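S.K.: The listed protein sequences correspond, in order, to chains A and B. According to our numbering, the stretch in the first sequence is residues 1 to 34, in order. According to our numbering, the stretch in the second sequence is residues 1 to 131, in order.
One thing to keep in mind: the hints can contain errors.
Said to hold, decoys possible - Derived Cβ-Cβ restraints for the label pairs, each shown as a range:
#1 B:G71 to A:Q25: 27 to 33 Å
#2 A:Q25 to B:N92: 16 to 22 Å
#3 A:Q25 to B:V9: 15 to 21 Å
I should point out that these hints are in silico values taken from the structure, not numbers from a laboratory. Quick caveat: nothing in here was measured; it's all calculated off a predicted structure. We put the beta carbon where it would ideally sit given N, CA and C, even for glycine.
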Amino acid sequence: MPNRLSLLACALMLAVIPARAELLQVDLSIFGMD
Amino acid sequence: MTCAHVVDVALKKVPGVESVEVSLNKGLATVKLKPGNTVAVPQLWQLLHEKGYTPKTTAASGRGELANVEGNLALRVSGTKDILRLAVDPKNPAPFSDAQKKLGQSVIVHGVMVPGKDLKAPVPLQVGQVL
Numbered sequence: 001m002p003n004r005l006s007l008l009a010c011a012l013m014l015a016v017i018p019a020r021a022e023l024l025q026v027d028l029s030i031f032g033m034d
Numbered sequence: 001m002t003c004a005h006v007v008d009v010a011l012k013k014v015p016g017v018e019s020v021e022v023s024l025n026k027g028l029a030t031v032k033l034k035p036g037n038t039v040a041v042p043q044l045w046q047l048l049h050e051k052g053y054t055p056k057t058t059a060a061s062g063r064g065e066l067a068n069v070e071g072n073l074a075l076r077v078s079g080t081k082d083i084l085r086l087a088v089d090p091k092n093p094a095p096f097s098d099a100q101k102k103l104g105q106s107v108i109v110h111g112v113m114v115p116g117k118d119l120k121a122p123v124p125l126q127v128g129q130v131l
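Start from the sequences, fold in the hints, and give me the full structure.
M.R.: In structure tokens, the structure reads:
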């Protein structure tokens, strides 16, 4: 049973953590304010 | 304190950011990221929004392995399950087709990301160039 709970916890963590990739550079436009 | 300085300071506080260069003439903040960072573009958009700016189409570069994830082309960081979804640039579809032919290869993808109504929601990188 504890193993099943661990697996369930891992599955939930993977579902909750947002998928991210490694970005190198980002050019953000900051022209103008609200 | 200038607006540029406010943006500069805020972006430099984000873990994984290596350097920030703000150009008021170009209206652009160029953010260079450290290897192994977990920064996501929506996170930076949200930050700009909090400082009073409206995020617009953003140029971004990402490194990883081209993979097919649930039928969609994605960039996966080697050795991890982290992915960045890729999409066709409607104005320039050829680089996306090029990327599809390079499945499994480690590449650098340059492209643009367009913010949606929900700034926090993940958005795909529209492929502009594959190196």
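S.K.: It remains to establish, for every hint, whether it holds in the given structure.
M.R.: Hint-by-hint comparison with the structure:
Taken as a hint, the range 27 to 33 Å holds for the pair G71 of chain B and Q25 of chain A, whose Cβ atoms sit roughly 29 Å apart. At roughly 19 Å, the beta carbons of Q25 of chain A and N92 of chain B sit within the given window of 16 to 22 Å. Judged by the Cβ atoms, the range 15 to 21 Å given for Q25 of chain A and V9 of chain B holds: they are separated by roughly 19 Å.
When the structure is compared with the earlier hints, no violation turns up for any of them.
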